[in-house]
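A.B. asks: Kindly generate the complete structure, drawing on both the sequences and the hints.
Each protein sequence line maps, in turn, to chains A and B. Counting along the first sequence from 1, when you hit position 318 you're at 318 in the numbering used here, and nothing is skipped either side. Add 385 to the 1-based position in the second sequence for the numbering used here, that's all there is to it.
These aren't lab readings, by the way, just hints derived from the structure by calculation. Where is the CB? At the ideal position from N, CA and C, for every residue including glycine. Warning: the hint list may mix true and false statements.
Pairwise CB distance ranges (calculated) [claimed, not checked]:
1) 276/A / 636/B: 21 to 27 Å
2) 807/B / 297/A: 50 to 56 Å
3) 209/A / 633/B: 15 to 21 Å
4) 633/B / 268/A: 39 to 45 Å
5) 108/A / 633/B: 53 to 59 Å
6) 380/A / 814/B: 23 to 29 Å
7) 104/A / 633/B: 28 to 34 Å
8) 647/B / 209/A: 37 to 43 Å
9) 636/B / 297/A: 54 to 60 Å
10) 117/A / 814/B: 44 to 50 Å
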Amino acid sequence: MSGAAPGAPKPLPSSGPKSLREMPHPLATSSSEEMGPALSPSPDLLLPRGIADKDLSLPNGTPVDTSSPASSSSLLNRLQLDDDLDGETRDLFVTVDDPKKHVCTMETYITYRVTTKTTRAEFDLPEYSVRRRYQDFDWLRNKLEESQPTHLIPDLNAYKKQGMALLSKMGESVKYVTGGYKLRSRPLEFAAIGEYLDTFSLKLGTIDRIAQRIIKEQLEYLVELREYGPVYSTWGGLEVELSEPLEGVSACIGNCCTALEELSEDMTEDFLPVLREYILYSESMKNVLKRRDQVQAEYEAKLEAVALKKEDRPKVPTDVEKCQDRVECFNADLKADMERWQNNKRQDFRQLLMGMADKNIQYYEKCLTAWESIIPLLQDKPETK
Amino acid sequence: MESSEAEPSESRPEEDGAAPGSEPQPPDTMEDCLAKKMEITVSEAEKRTGRNAMNMQETYTAYLIETRAVESQNEGQCSPVDSLWRRYSEFELLRNYLLVTYPHIVVPPLPEKRADFVWHKLSADNMDPDFVERRRIGLENFLLRVASHPVLCQDKIFYSFLTQEGGWKEMVNETGFQLKADSRLKALNATFRVKNPDKRFTELKHYSDELQSVISHLLRVRARVADRLYGVYKVHGNYGRVFSEWSAIEKEMGDGLQSAGHHMDVYAASIDDILEEEEHYADQLKEYLFYAEALRAVCRKHELMQYDLEMAAQDLTSKKQQCEELATGTMRTFSLKGMTSKLFGQETPEQREAKIKILEEQIQEGEEQLKSKNLEGRDFVKSAWADIERFKEQKNRDLKEALISYAVMQISMCKKGIQVWTNAKECFSKM
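C.D. replies: If you want it as structure tokens, here you go:
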């Protein structure tokens, strides 16, 4: 065992083909190791007592109280995937979440927070929080199988067969641990992102079409305006007193034409391209999601392959764990990326749409100036005829 | 073609009738103007069914004309309102009567009989309520124009039109004005053949042709412009819907998008009122489009009178020549009579004497006629030109007003646009 300082995560001994009595508890190292009733064996399997009184803390330094071991039968009940589990009143709740990456000199792995809430008398405290890695879960399963051969220990793959109901009760991240589910049941979180991106790019596509249509209508309006303005000028040529006012109106309409041209140009050159960029951006994010699904599928395939080879148990294949870690890293990165993407998107669209509003305001201001400037011209009384 | 208002060399300072001189003077300051003494409105329009001349059922619109004598402000009492209903065809009858009876006057036009120059959203249906409403306003305008005209407002038939419901049609027909009307063919013939019309009228005719052409063009293009502008505004309404849908999947951006979408809806809806107001401007232009026709009618009358004069003078000249030939026995110009007499024998001196006598009588008559025609022609030119000057002043004033109100409409539209987009921008800033 290592003599690492308190607070640092320790390399754990791998559980091997020893009898449970001989095997020390995976966490039975120094005083700074966490310990929890969740992993305590059944009453006839005793933990080294010494542990119970030691100072324990989470990797991040939070102290955790120890307690007497919980009955594994109750834990088993909890893990058993009976259909009528739904109807029972439960007195023990376990959640697994918050995967965290740990980087050490020898290896990189991920731990999960296991939170237990209970009202049972066997537990000293109503709430416990410990950190466990994949290996530990595997160890637990092996232990349970060995000690309770008549009970049905859920296969880590079993959740697939039982559907989503229990998984959702166990919390999101359990799915990462248990694996073995087809990608039709990808994590809700990523499914939600996928759906969001789908709808988002759909809406952007609609906005693109609307903007194009507006530009088209504006250009057709422009064509008519270009014919309209000069007619006033022609009329002005027929008149004497009205000549200047009519010329003024003609010139004014000409100015509005120029302003409109500028607006349409701006929309075409500044607005549409950014919009289209974001549509492509969404597509690329969706591809990342697909890649994530792939990575997860690879991991699950490996896991299944391992599960079938009974002789490899209870040894935890390291490449499976590595694969699982890869999934975790990918997911963590993806979530971080997504958050960044959302922030950028928000800022970019705020800017883009404010810009669009600005351009329209400028167009109307130019037209306003033009029309206001000819009012005095129109109101002018002729000096002499 | 420039209008010749700069050189009214033929008009004199003192005028016949009540027509104003060449100084600008709004007709409704004239003391004897009916418009001063009487309030006239066309206040309502009603759909009616009845039987026409061929006893077939027809639907038409009747308009309520209300009149009230204007009391002086000090008295403070309101005189009772008289009212009667008239349909469009009666207005037409009135106008035709005025055209024939006052050919030297530029008679105010009626609003269009059928909806013309419509952009797609406007109905071309005569029964359409918007069309009927605009026609109601146009008819009121017509009556006010006539009532403000120094000459026309004094007409008895016009007065009865406003005040006497029953028997008015018969009264008009009894004037026999239809008989006095010049045939179109005669007028056309005169236009082609007249040799020396007053140059000012020729120029005025060209001006009115071109005015008609340019205003028609303007109205046509304006209708297309309105159509396109409508399209631009309405498409923006789609932003409202898509922003709303988009906001549903957003957290922080949702509210800003949603409220911006609302402003886009407001923007799209605003075009309806804008274009409805613009129709009023189009109606003002249309009035002058139709006025151009009235101008041309006066020019045509002059050409007809001038042609008539020229024909009478020509006839007189040839009669004088004939007389001379008979008297002297020489034949200066070829005449069939002369030839036949040469071929078939000379007349007796008694016969010749008789002919000369007749011709001399005719010449006498002709000279008197020519003199009166000349006078008529000069009078016509004088009074017509006076009214034309009055009309030019009115036209310049009215069209300036129309252009100013058009500019004001555009300014209002721009300000609304700025407002909406500023609101939308604020919503976007809160995204």
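A.B. asks: Find the hints from earlier in the document that the structure breaks and name them by number, from lowest to highest.
C.D. replies: The structure conflicts with hints 4, 5, 6, 7, 8 and 9, although it agrees with all the remaining ones.
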